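Engineer: Full structure from sequences and hints, please.
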Amino acid sequence: MRDRLPVIVLIARKLLSVILTLLLASFLVFAVSEFSPGNVARKTLGPYAPQESVDLLYQKLGLKDPLVERYGRWLGILLGLRADPLQDPALKLNFVDPRGARYFGNFGYSSLYKAPVNDVIWSRLGATAMLAGIAFAIIVPLSLTLGILAGMREGGLLDRTISVFGIVATSVPEFASGVFLVALFVVLLGWLPGTSPLTTGGGWPVWSQLVLPVSVLVLYDSGYLVRMVRGAMVDVMNRPFIRTAMLKGLSFPQVVLRHGLRNAMIAPFTVILLQINFLISGVVVTELVFAYPGFGRMILDASLFGDISLIEAATLIALCVAVTTQLLGDAGYALLNPQIRLR
Amino acid sequence: MTSPLLSVENLRVEYHGASGAVTAIPDLSFAVQAGESYGIVGESGCGKSTLLMALMQHLGRTGRIAGGRILFDGADLTAATRRGIAMVYQDPNAALNPTMTIGSQLAEVPMLVPGVGKREALDRARQILADVQLPNPERVMARYPHQMSGGQKQRVVIAMALLANPKLLLLDEPTTGLDATVEAAILDLISELRARHNTALIYITHNLGVVAQVCDRVGVMYLGDLVEEAPVRALFATPKHPYTRRLMACVPHLGSTKHSTSFLPIPGQPPSLARRPPGCPFGPRCDGFAPGRCDHPVPDETTEADHRVRCIRWAEPGATLAASAAPLAPSLPDDEVVLKAADMSTVYTFAGSGFRARKVRLLANAGLSFEAHKGGVLAIVGESGSGKSSFARVLSGLYPSSDGTLAFGGVDVGRRDVTQRTAAELAAIQMVFQNPDATLNPSHSTEFPLRRVLKKFGLAKGERAISAEVDRLFDLVRLPRGLRRQRPSRLSGGQKQRVAIARAFAAQPQILVADEPVSALDVSVQAAIVNLLLQIQADKRTTILFISHDLALVHHLADHVVVMYLGKVMEQGPVGRLFAPPFHPYTEALLSAIPVADPDAVQSRIRLKGDIPSPIDVPPGCRFASRCPRRIGDICDTIPPPLRDTGEGHEILCHIPVMTLSELQTKKNEFVFN
Chain L
85 MRDRLPVIVL
95 IARKLLSVIL
105 TLLLASFLVF
115 AVSEFSPGNV
125 ARKTLGPYAP
135 QESVDLLYQK
145 LGLKDPLVER
155 YGRWLGILLG
165 LRADPLQDPA
175 LKLNFVDPRG
185 ARYFGNFGYS
195 SLYKAPVNDV
205 IWSRLGATAM
215 LAGIAFAIIV
225 PLSLTLGILA
235 GMREGGLLDR
245 TISVFGIVAT
255 SVPEFASGVF
265 LVALFVVLLG
275 WLPGTSPLTT
285 GGGWPVWSQL
295 VLPVSVLVLY
305 DSGYLVRMVR
315 GAMVDVMNRP
325 FIRTAMLKGL
335 SFPQVVLRHG
345 LRNAMIAPFT
355 VILLQINFLI
365 SGVVVTELVF
375 AYPGFGRMIL
385 DASLFGDISL
395 IEAATLIALC
405 VAVTTQLLGD
415 AGYALLNPQI
425 RLR
Chain X
-1 MTSPLLSVEN
9 LRVEYHGASG
19 AVTAIPDLSF
29 AVQAGESYGI
39 VGESGCGKST
49 LLMALMQHLG
59 RTGRIAGGRI
69 LFDGADLTAA
79 TRRGIAMVYQ
89 DPNAALNPTM
99 TIGSQLAEVP
109 MLVPGVGKRE
119 ALDRARQILA
129 DVQLPNPERV
139 MARYPHQMSG
149 GQKQRVVIAM
159 ALLANPKLLL
169 LDEPTTGLDA
179 TVEAAILDLI
189 SELRARHNTA
199 LIYITHNLGV
209 VAQVCDRVGV
219 MYLGDLVEEA
229 PVRALFATPK
239 HPYTRRLMAC
249 VPHLGSTKHS
259 TSFLPIPGQP
269 PSLARRPPGC
279 PFGPRCDGFA
289 PGRCDHPVPD
299 ETTEADHRVR
309 CIRWAEPGAT
319 LAASAAPLAP
329 SLPDDEVVLK
339 AADMSTVYTF
349 AGSGFRARKV
359 RLLANAGLSF
369 EAHKGGVLAI
379 VGESGSGKSS
389 FARVLSGLYP
399 SSDGTLAFGG
409 VDVGRRDVTQ
419 RTAAELAAIQ
429 MVFQNPDATL
439 NPSHSTEFPL
449 RRVLKKFGLA
459 KGERAISAEV
469 DRLFDLVRLP
479 RGLRRQRPSR
489 LSGGQKQRVA
499 IARAFAAQPQ
509 ILVADEPVSA
519 LDVSVQAAIV
529 NLLLQIQADK
539 RTTILFISHD
549 LALVHHLADH
559 VVVMYLGKVM
569 EQGPVGRLFA
579 PPFHPYTEAL
589 LSAIPVADPD
599 AVQSRIRLKG
609 DIPSPIDVPP
619 GCRFASRCPR
629 RIGDICDTIP
639 PPLRDTGEGH
649 EILCHIPVMT
659 LSELQTKKNE
669 FVFN
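So the protein lines, in turn, are chains L and X. Position 335 (the first sequence) corresponds to 419 in my numbering; numbering is contiguous. Position 445 (the second sequence) corresponds to 443 in my numbering; numbering is contiguous.
Hints in this document: simulated from the structure, not taken from any laboratory. As the structure is a prediction and not an experimental result, all values here were calculated from the model. By construction, the Cβ of each residue, glycine as well, lies at the ideal position given by its N, Cα and C atoms. Incorrect hints may appear among the rest.
[Said to hold, decoys possible] Pair by pair, the computed Cβ-Cβ distance ranges are:
| no. | chain 1 | residue 1 | chain 2 | residue 2 | range |
| --- | --- | --- | --- | --- | --- |
| 1 | X | A436 | L | L163 | 30 to 40 Å |
| 2 | X | G266 | L | G239 | 32 to 42 Å |
| 3 | X | A140 | L | A267 | 42 to 52 Å |
| 4 | X | V114 | L | A267 | 52 to 62 Å |
[What the hints assert, rightly or not] Selected chain X positions facing chain L (in silico; Cβ < 7 Å):
| no. | residue |
| --- | --- |
| 5 | H56 |
| 6 | T97 |
| 7 | V107 |
Structural biologist: In structure tokens:
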């Protein structure tokens, strides 16, 4: 049997692969959004800017250079190795960043919000992270419990009830359940606010503004996860080692908790973590329905407007979230399943 | 006579499914005395496992005991009294929880007794691991199941059963799927534990050899009925029920070869439970079926003191068994060499781990040299991990050889993988694999793979020609043509293997590579498949490369045998020479591990210690040295042994001179000749 590597080597190797992934992915993001150089200058200046300004910017940014070279410069600005040329007063763009033109994490200037990307993006991300965090904290225990209860006795009454709930919950789209909940709790009962701007101006405390968006997400996402967990649990409960455990004389709850649970977690674990990515950048519909100042809605707005810097920044952040969950996933998977060894 | 430990009286078990109730066990009675070892044999689907599950009170949601009663230790068997019964399962890989350490899985059992704490439970677990002869129990406790070999896992499962201090141990095919050497060691362990704790055993198996070795009394089960029950010696000496006799006629003996007798397979297969015949359950498959007598319910009859039989014609033995099987006139190999391995080696390289990744080299085949003759059966035997399948992979072009040559038709095919081979070369070498359930695509009809072969190699052109050829192939493997359009899930294991054989012969191969083609099948089906292969070979003069770990079977059908260990040929020779002394010490150990289907057989008892070692970084001397029971000294570890020729192409790779081996072994192996 081969020796295990020291943990530090494993971590270093993992980090190296993360950095490589990020580099490659950021190049793809850059290439997709800035492939056509003429577009970049035009979009930065807006549709009504005179052609001379566009040409000047084209010169100034060196947009005629090959893609890889432009990517290098972009990366330099992001890492704080170069100054952002857009902040040059000679361009008369009036792009001012109080942090200066050259610092680590400089995502550039948002043409949509007329502010540095860093001033726009973090508050939006924070708002979404709050929504996602609360939703995730409810979704995971809820769907694990329901999935395991359903899957431990396949075909039982509990299984059938929970499975029907799962199918209904996943098949109702977010906007439909959003509208339905609003009709019930806002229009009919008047218990909750219909929009969630996260300000207290409307007279509703912030927590009450979170209830409906979180409910919509929980309903939609846990329906899917319950079905995943149930499937895995059914599978495990039919494996011979469960029979071994039962014939040993263990009680049914002992069999489920000690022998079923951990094995049933292995398959859905990765999918559960993927929900983080979905909750961070994929909940546009819910944010729109409740006018929630979130990350997903910001990406949508930026895309529609053509705010290249903001799109690039947002995609990169979403990527970082994805890579992090992936790392967590690998580590957790190895903890759950002793047959997996980290390489 | 004291009251029995377990007494099953008129037991009736039914399954209630969506399509109504079926009776798995109609009316079953038997008893097991304290300390007795009771064997139950029969083909798959005969209700053996249902009986075990009924004894364990674990019939699932659909099954229920519909009549009769089970008395255990003088009281009705209930969930509470069931504690005195423990079970050892068929597949130790599946029976253990992959995410729990061995120690915590074992400790659960003693902790079921109120008042036993974790520490005490772990102590008992450690002790019991030593009892089942696992070295270093402390380390075993901390391991996960995947870190252990199959034989070690089965020892853990046995230990788990013993922790319950059972009076009765149920063993459900505990050694099926294990190597013969490991099987022998497990059987030894079971006998020893039984003697020490005076535990009664119910041993379920389809292997009559195992029954002969470990059981005192045997019940033969067919379609939920106990058709015959007798002490083991009486059963093997005078089997009375035609089913028992047919089963025994399917078992390969070291006393016979394909040239002296052929197997007498049982025609057809057990009917499904829903279609139980009105009279004798075996009637439809019995040669002695007498209308008007056998289609009425058959009573149990006691023929001698302990011998029960359920056959109306048991007293007319000649009437119920067809004349003993004449040999099939199998083909004899001629002088033409079809395949010649010359010093052929296969090396697998793996990327190592760590920053300075050192390549790990695994020598799967080390300098193989042998020849296969046209029309002959070349058998390759050895434990798992001996490199048998690696050789098959090279021959079939799935992996290239690394050194030496593998000459087929004047070409070194070893270096050419499937993509580099010509269509003719591909067609000429065909495979039949071990597990027929996994080799056929479940979503294609059974004729689909045959048609594809015919089209791909252009052996039949046009729909009518192809269809006629498929019919011919179905006839060749004795499959009803009506099955052509069925999905594989509708077929039995034996039928699936026939489809796989038909597929192989569709390409009109010169060499058929059969990798353990019958080891997953019942003996009765195995006998039929072996007969079929020999029959087709006699007609077509195909060369068969038969890879197997079953030495008795190899003795029956092979012409030339190659014994491999850790990638190297230890001994090879014509079948007559190989199965007579002198043996290589490894062959000797393999032979002594065969469960011989004869309770009176005197067998030398040589057991190999431990498992086959890792093929990475093998020592420079003899590869078998670390486990060799006849090791003579340091020379075995340091110097490669010489190849000793004993004549007639019989070669032994060993430091011990042939004469010495001969003397050491002659006395102990009389059984080989009887």
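Engineer: Could you run down the list of hints and mark each one as holding or not?
Structural biologist: Each hint tested on the structure:
1. X:A436 with L:L163: 30 to 40 Å: 53 Å, violated
2. X:G266 with L:G239: 32 to 42 Å: The hint (32 to 42 Å, Cβ to Cβ) holds, given that G266 (chain X) and G239 (chain L) are roughly 35 Å apart.
3. X:A140 with L:A267: 42 to 52 Å: The hinted range 42 to 52 Å is violated for A140 (chain X) and A267 (chain L), with Cβ atoms some 59 Å apart.
4. X:V114 with L:A267: 52 to 62 Å: 59 Å, holds
5. H56: Status holds, d = 6 Å.
6. T97: With a closest approach of 5 Å, the T97 (chain X) hint holds.
7. V107: 6 Å, holds
Hint compliance for this structure: hints 1 and 3 are broken, all remaining hints hold.
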